[in-house]
Every structure is written in structure tokens, then in C-alpha cells.
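Please model the complete structure; the sequences and the hints are all you need to start from.
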Amino acid sequence: HISLSFVDMLGQRDNVPKRRELFRHRFEEKRPLGFSIAAAIYSKSHRACVVVAKTEPNCPLYPDKLMPSDEIVAIDSWRVTELRECRVRLEKRPITITFAKGNRRDIAFIEQEERRDMSANDFNA
Numbered sequence: 006h007i008s009l010s011f012v013d014m015l016g017q018r019d020n021v022p023k024r025r026e027l028f029r030h031r032f033e034e035k036r037p038l039g040f041s042i043a044a045a046i047y048s049k050s051h052r053a054c055v056v057v058a059k060t061e062p063n064c065p066l067y068p069d070k071l072m073p074s075d076e077i078v079a080i081d082s083w084r085v086t087e088l089r090e091c092r093v094r095l096e097k098r099p100i101t102i103t104f105a106k107g108n109r110r111d112i113a114f115i116e117q118e119e120r121r122d123m124s125a126n127d128f129n130a
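Take 6 as the starting number for the sequence shown in this note's numbering and just add one per residue.
Everything labelled a hint here was simulated from the structure, so no lab data went into it.
For every residue, glycine included, the Cβ atom is placed at its ideal position computed from N, Cα and C.
Any given hint might turn out to be false.
[What the hints assert, rightly or not] The calculated label-pair distances, taken between Cβ atoms and stated as ranges, are: (1) ASN126 to ARG92: 29 to 37 Å; (2) GLU87 to ASP122: 30 to 38 Å; (3) ARG84 to SER124: 33 to 41 Å; (4) TYR67 to PRO99: 16 to 24 Å.
[Stated by the list, open to error] Computed cross-link-like contacts, EDC-like style, restricted to lysine to aspartate or glutamate with a CA-CA straight-line distance of at most 20 Å: (5) LYS59 to GLU87; (6) LYS49 to GLU87; (7) LYS59 to GLU90; (8) LYS70 to GLU116.
In C-alpha cells, the structure reads:
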């Protein structure tokens, strides 16, 4: 499980999403999105948010568009503030999700891929 301080563990700065680069993607098909999410709290402002915890190869935005530490800021026209409601809304299709790029997303992606490689090596050993 990912702790509530996931964003802080990644070294994220406490930027308001509108100050970071935003991007949107429309998911049409009723199939897994290819990423997992986690609740996060910024240490300075104590602002709660929902972030991408992990991306999978079956995600249409993998490997270069969506990365761990990116924040989900909106689903359709609903402003994301709470994990439970976010999970419910992510079940619907079609949906348009607005993401804010995380500050250390490249590092988080590299770490994710290293963990994935180590797991595969352990499994194949």
C-alpha cells in the first residue's frame, strides 16, 4: 500500500496544480485504465490530492505521457479532491481525465521501471 505521504516521498513540491503543466485524455473503452492511484497530502499546505501511483504497459498513455506522481485534478467536469469518489468516477466510460504533471515524474518513472525489472528478475530466477 502507498502511504498518505506518497507525494512527499517522491520529493514533490507543494505546487497548486494550475501552476503545473496540465494535460487531458479521453478514455472511451470500458477496460482497465492501466494505472493505479493513491491519496496524497502535501506537507506544507496539507492539501489533499489524488496521484498516479503506478502506470502499466496496458495504459494508452504509457510510457511517456502519464507517469507516477502526476496528479488527477479533474474527471469530466468534477474537481478531484477525494480518493474514494475518484475511484467511483474512474469506473465510468467514456471519461475525460485532466492530469497535472508531477515535478519529479521522470525519476518516479525510472524507479517504477527498476522495481518492475527487479520483480521480473526475481520471478524468472
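How the hints compare with the structure:
1. In this structure the hint that ASN126 and ARG92 lie 29 to 37 Å apart at CB holds, the actual value being about 32 Å.
2. One distance hint, 30 to 38 Å for the beta-carbon pair GLU87 and ASP122, holds here, with the actual separation near 34 Å.
3. One distance hint, 33 to 41 Å for the beta-carbon pair ARG84 and SER124, holds here, with the actual separation near 35 Å.
4. Here the CB-CB span from TYR67 to PRO99 is close to 19 Å, well matched to the stated 16 to 24 Å.
5. Simply put, LYS59 and GLU87 have alpha-carbon atoms about 18 Å apart, close enough for the 20 Å limit, and the pair holds.
6. For the hint pairing LYS49 with GLU87, the CA-to-CA distance comes to about 18 Å; that is within 20 Å, so the pair holds.
7. At roughly 19 Å between alpha-carbon atoms, LYS59 and GLU90 fall within 20 Å of each other, so this suggested pair holds.
8. Proximity of LYS70 to GLU116 is assessed by CA-CA distance (about 16 Å); at most 20 Å being required, the pair is judged to hold.
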